[in-house]
Amino acid sequence: MREIYADNSATTKLSPAVLEKMLPYLTEVYGNPSSIYRVGGRAKEALEAARERIAKNLGAARPGEIYFTSGGSESDNWAIKGVARALKKKGKNHIITSKFEHHAVLHTCESLEKEGFEITYLDVYENGIVRPADVAAAIRDTTALVSVMYANNEIGTIQPIAEIGAVCRERGVFFHTDAVQAAGYVKIDVTAQNIDLLSMTAHKLHGPKGIGLLYVRRGVPIETLIHGGAQERGKRAGTENVAGVVGLDAALQIAVDGMEARNKKLAALRDRLIDSLLQIERSRINGDRVSRLPNNVNMCFEGIEGESLLLKLDFNGISASSGSACTSGSLDPSHVLLAIGLPHEIAHGSMRLSFSEETTEEDIDYIARVVPEVVTYLRNMSPLWEKIKKEEEL
Amino acid sequence: MVYSEKVLDHFANPRNVGEIENADGIGEVGNSKCGDIMKMYIKVEDGTISDVKFKTFGCGAAIATSSMATELIKGKSVDEALQLTNKAVMEALDGLPPVKVHCSVLAEEAIKAAVSDYYEKQGIDPEILIEK
Numbered sequence: 001m002r003e004i005y006a007d008n009s010a011t012t013k014l015s016p017a018v019l020e021k022m023l024p025y026l027t028e029v030y031g032n033p034s035s036i037y038r039v040g041g042r043a044k045e046a047l048e049a050a051r052e053r054i055a056k057n058l059g060a061a062r063p064g065e066i067y068f069t070s071g072g073s074e075s076d077n078w079a080i081k082g083v084a085r086a087l088k089k090k091g092k093n094h095i096i097t098s099k100f101e102h103h104a105v106l107h108t109c110e111s112l113e114k115e116g117f118e119i120t121y122l123d124v125y126e127n128g129i130v131r132p133a134d135v136a137a138a139i140r141d142t143t144a145l146v147s148v149m150y151a152n153n154e155i156g157t158i159q160p161i162a163e164i165g166a167v168c169r170e171r172g173v174f175f176h177t178d179a180v181q182a183a184g185y186v187k188i189d190v191t192a193q194n195i196d197l198l199s200m201t202a203h204k205l206h207g208p209k210g211i212g213l214l215y216v217r218r219g220v221p222i223e224t225l226i227h228g229g230a231q232e233r234g235k236r237a238g239t240e241n242v243a244g245v246v247g248l249d250a251a252l253q254i255a256v257d258g259m260e261a262r263n264k265k266l267a268a269l270r271d272r273l274i275d276s277l278l279q280i281e282r283s284r285i286n287g288d289r290v291s292r293l294p295n296n297v298n299m300c301f302e303g304i305e306g307e308s309l310l311l312k313l314d315f316n317g318i319s320a321s322s323g324s325a326c327t328s329g330s331l332d333p334s335h336v337l338l339a340i341g342l343p344h345e346i347a348h349g350s351m352r353l354s355f356s357e358e359t360t361e362e363d364i365d366y367i368a369r370v371v372p373e374v375v376t377y378l379r380n381m382s383p384l385w386e387k388i389k390k391e392e393e394l
Numbered sequence: 001m002v003y004s005e006k007v008l009d010h011f012a013n014p015r016n017v018g019e020i021e022n023a024d025g026i027g028e029v030g031n032s033k034c035g036d037i038m039k040m041y042i043k044v045e046d047g048t049i050s051d052v053k054f055k056t057f058g059c060g061a062a063i064a065t066s067s068m069a070t071e072l073i074k075g076k077s078v079d080e081a082l083q084l085t086n087k088a089v090m091e092a093l094d095g096l097p098p099v100k101v102h103c104s105v106l107a108e109e110a111i112k113a114a115v116s117d118y119y120e121k122q123g124i125d126p127e128i129l130i131e132k
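Going line by line, the protein sequences match chains G and H.
Heads up: the first sequence runs through residues 1 to 394, numbered per this note's numbering.
Heads up: the second sequence runs through residues 1 to 132, numbered per this note's numbering.
None of these hints come from the bench; they were simulated from the model.
All C-beta atoms, glycine included, are put in the ideal place defined by N, C-alpha and C.
It is possible that part of the hints are untrue.
In silico DSBU-like links for lysine-lysine, alpha-carbon gap of 35 Å or less [what the hints assert, rightly or not]:
no. : chain 1 : residue 1 : chain 2 : residue 2
1   : G       : K387      : H       : K76
2   : G       : K114      : G       : K99
3   : G       : K389      : H       : K33
Sample of chain H residues lacking proximity to chain G, with all beta carbon distances greater than 12 Å (derived) [stated by the list, open to error]:
no. : residue
4   : E19
5   : E21
6   : D36
7   : D46
8   : D51
9   : K55
10  : Q83
11  : A92
12  : Y119
13  : E120
Could you build the full structure based on these sequences and the hints that come with them?
Right, here's the structure in full:
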């Protein structure tokens, strides 16, 4: 049976080239970068060389604006809590975000509500895109931070980040973006796009898990989240994950170098699959088709439930995911699909496929053949589908 | 979250899927908003459930518990079917993840709804028969 990994938005396979770059820092160059002897010094050199290249790849003015963290969730937590708490002393108590952020942002904002912050959750409309005018309208004198993701993790819609950045800069409000899904697929330039803080992780780009970064523009007030040693210029304690940082740098470099060609190939595969699957009756594509990550397909099929669809796909060798919270232990469907206005019963029947450079045309054709079969099979045993068909006849 | 072999078997090869024409009892529980609907059909001969079929909209556990619940009441007396508990369905499936326990409750309710419908059609108030 064909085995297709189609959940690259969840995580990716470590690239052999990245692993090769990392290996010396797990074996020979094991020193602590903060130490005085040579094996520590070599680790420190690797760390700072990586920081410099990463800063360039993100358009940061200075390498010192890059802080390494354990990943996207820590970066999001730090960015939002750090800036909010630093500005609370200056009378700021308002944060603007969107309804369909990753839970690392949404739950962080909820925790700040308990500390007295007010949160505005911006609408994302049917196409899954935040409107910069809504950001402008929501900004108050007390606004500490705007946090809008670069690309949505479920439906892949790319947000007008430069426009939102411009609005925030003009109004003197700090702007954070969670670029965990976008990095490597869009051209990021934190300087040109007026981004003040940016979260990123390595494992979505064929890098290792457990390493990420937060870009913090110089001058942005931010409180420390992880207290301890003086690493990361005293802002983020903990012995540096040198091999991880080297892996993050290598993964980002590979992603940036091959971006244009890879995006073109992936977008063609994506569009071919979407066009094919839209022929299934009562199916829909979730989120804007154009302003969309080239590797993301997110669709709903009425009358069936997402988890049973995914299990069936798994039996057929296809690893996919769903926004369905069935898998995360809640009965509510995906907050992202509800945010774009889908009713609960349709949001339950969702499927997300996310591809990588390794995905082939044959994979796409196989998926395009299997999904309709599975949808038909599940609809044939679905009393909800029976009802939908009866209502059609009336 | 990991399903037991038995849950996966009943999901992959569900028993008793379908409908019964002129069923003696039909029960439907759940709603589309919550993501689970189970519809059960029973045929009764001489007080025994001679045939049972189901249709389910829901997750893997919803389909597997429907399948197992129908297996557990097939060939049993109507009164025995009324005694079916969600616990018995879960045990027969070698357990369910905690977030999926509600599926077994729904399967029990679907069987009870079908049997109640059968009793109502016989002119018997099902309320007095169901142990609360």
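Each hint, compared with the structure:
no. : hint             : verdict
1   : K387/G <-> K76/H : 30 Å, holds
2   : K114/G <-> K99/G : 18 Å, holds
3   : K389/G <-> K33/H : 18 Å, holds
4   : E19              : 9 Å, violated
5   : E21              : 14 Å, holds
6   : D36              : 7 Å, violated
7   : D46              : 29 Å, holds
8   : D51              : 17 Å, holds
9   : K55              : 5 Å, violated
10  : Q83              : 25 Å, holds
11  : A92              : 19 Å, holds
12  : Y119             : 22 Å, holds
13  : E120             : 20 Å, holds
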